[in-house]
Amino acid sequence: MRTETRTNWSRSKSKALESLKHRVDALSAKSTATTAAKAPAKTVTSGQERIFLSLSGQINRGILYYDDGDTSDVLHVDNDNSSTRVRMVGKGQVTDDVAIGAQIEVQMESNSTAAINQMTDNGLGGASFTERKLEVFFDSKRLGRLWVGQGDTASNGTSEVDLSGTSVIGYSGIADMAGGLFFQANAPIVAGVNPRINQVFSNLDGLSRDDRIRYDTPKFAGLTASTSHISGGGWDAALRYAADYEKLGIKTAAAIAYADGSDINRFDGQVSGSLSLLHRSGLNGTFAAGTRSLEVAGRADANFHYGKIGYLADLLASGKTAFSIDYMQAEDVAATGDEATSYGMFAVQNLSEFGTQFYAGVRNHDLDRPGTAFDEVQAAIVGTRVKF
Amino acid sequence: MKPLKAMKRHFRSALMVAALASVLAACGTAKPFNYTQGDQIQPGPGLFSGKDGKFSLYRK
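First to last, the protein sequences are chains P and Z.
Position one of the first sequence corresponds to residue 1 (our numbering), numbered consecutively onward.
Position one of the second sequence corresponds to residue 1001 (our numbering), numbered consecutively onward.
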């Protein structure tokens, strides 16, 4: 009797185990099917090992209001402080030390703030991409980086170091916000006679982007030296520095450059630089200056000074809120005797998790030119930059 | 003569700032960081690309 009971119990246990096994198998099969369904299909592949290829970009659109003392209007624009663009970067690790990479970055601006003006207030650009960077680079941790192609010259950006968090709408390149607008003198505007904002203001920012060969040293204690040679004969050299003084609670970024543009008919020589400090309290300050010698008899050297004070606040959980005010004075940029001054006020709200910024800014532009009384030009812009 | 004078002045200014930068760099307590210019595509998340801030077309 006892043996029969034991046998029955053993059979029942075996059945229960069998049933449990079936259920586990079924659940396992279901899970595998779900995972397979969720896994993205590989649409791009490479025969090379140890390579990386990425696509990124941004859209930066705003609504610009201006008043030139005679007329005013509302324009829908692409913010040239940081234009709408796409970028592809590829990199292959050749050895543990050496990598080879390539970069294509192009912009597409419909109604760029650098071009739109009182006479052409719509339909500007946007039909095609324009070049920003089309280059290859050779990267070594020990030896530095060599760039070949169209891209940033060594001196590009050296006047524009800015830690305020508001440079999407206001920085030393003050003409990017509404640079295409003309100053007017209570008479019909004539292109080629009336100066544009971006003709009389300049931050003398090196040799911009160009077809060049460029070399950057490895970073030493936050310091990098660079030099480049431009197609046609121009050359430049620059020093960059970026370091966080943690004990003082101060982040520092600075850059300075010498550029010789005489062989490419731009100017004889130019020195420009900028320095930006950000305290952990959020207070920040930025200063930039530069001077340019022109190879024209009787022509005064162009120069500029720029200053900005800002505050980075934690007002919203979504991201930092940045405020700043700035002032710029540029002399003899378009013609000897010109004195152009500008001041502005800016606010930027970040939605960090979504790569989005909302911004608003106002700027006043004034030009004193001997013999002509131009009205001041006021501009205000609201907009958003979305990184996709 | 004027370009030579101007060039000398430029180099003097550049030398002064380079010296200042070198002094700052020599302060051992500073921690270098990668500065991204404000007009460039910023590091960090993207609206569609998420945390990476870029679409990785291929990564081995």
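To be clear, the hints were calculated from the coordinates, so they are not data collected in a lab.
In this text the structure is predicted, and so the values were computed from the model without any measurement.
Where is the CB? At the ideal position from N, CA and C, for every residue including glycine.
Keep in mind that a hint or two might mislead.
A few chain P residues that face chain Z, going by a derived Cβ cut-off under 10 Å, partial list only [unchecked claim]: (1) 23; (2) 27; (3) 56; (4) 57; (5) 85; (6) 90; (7) 94; (8) 95; (9) 223; (10) 227; (11) 251; (12) 252; (13) 255; (14) 353; (15) 356; (16) 387.
Partner residues are not named here, just some residues of chain P that face chain Z (Cβ under 8 Å, in silico) [to be verified]: (17) 53; (18) 55; (19) 87; (20) 149; (21) 157; (22) 211; (23) 216; (24) 217; (25) 218; (26) 219; (27) 221; (28) 352; (29) 386; (30) 388.
Structure-based check of all given hints:
{"no.": "1", "hint": "23", "verdict": "violated, 36 Å"}
{"no.": "2", "hint": "27", "verdict": "violated, 30 Å"}
{"no.": "3", "hint": "56", "verdict": "holds, 4 Å"}
{"no.": "4", "hint": "57", "verdict": "holds, 7 Å"}
{"no.": "5", "hint": "85", "verdict": "holds, 7 Å"}
{"no.": "6", "hint": "90", "verdict": "holds, 8 Å"}
{"no.": "7", "hint": "94", "verdict": "violated, 13 Å"}
{"no.": "8", "hint": "95", "verdict": "violated, 15 Å"}
{"no.": "9", "hint": "223", "verdict": "holds, 4 Å"}
{"no.": "10", "hint": "227", "verdict": "violated, 13 Å"}
{"no.": "11", "hint": "251", "verdict": "holds, 7 Å"}
{"no.": "12", "hint": "252", "verdict": "holds, 7 Å"}
{"no.": "13", "hint": "255", "verdict": "holds, 9 Å"}
{"no.": "14", "hint": "353", "verdict": "holds, 6 Å"}
{"no.": "15", "hint": "356", "verdict": "holds, 6 Å"}
{"no.": "16", "hint": "387", "verdict": "holds, 4 Å"}
{"no.": "17", "hint": "53", "verdict": "holds, 4 Å"}
{"no.": "18", "hint": "55", "verdict": "holds, 5 Å"}
{"no.": "19", "hint": "87", "verdict": "holds, 6 Å"}
{"no.": "20", "hint": "149", "verdict": "violated, 17 Å"}
{"no.": "21", "hint": "157", "verdict": "holds, 5 Å"}
{"no.": "22", "hint": "211", "verdict": "violated, 20 Å"}
{"no.": "23", "hint": "216", "verdict": "violated, 13 Å"}
{"no.": "24", "hint": "217", "verdict": "violated, 13 Å"}
{"no.": "25", "hint": "218", "verdict": "violated, 11 Å"}
{"no.": "26", "hint": "219", "verdict": "holds, 6 Å"}
{"no.": "27", "hint": "221", "verdict": "holds, 4 Å"}
{"no.": "28", "hint": "352", "verdict": "holds, 6 Å"}
{"no.": "29", "hint": "386", "verdict": "holds, 5 Å"}
{"no.": "30", "hint": "388", "verdict": "holds, 5 Å"}
The structure fails hints 1, 2, 7, 8, 10, 20, 22, 23, 24 and 25 (numbered hints given earlier, in ascending order).
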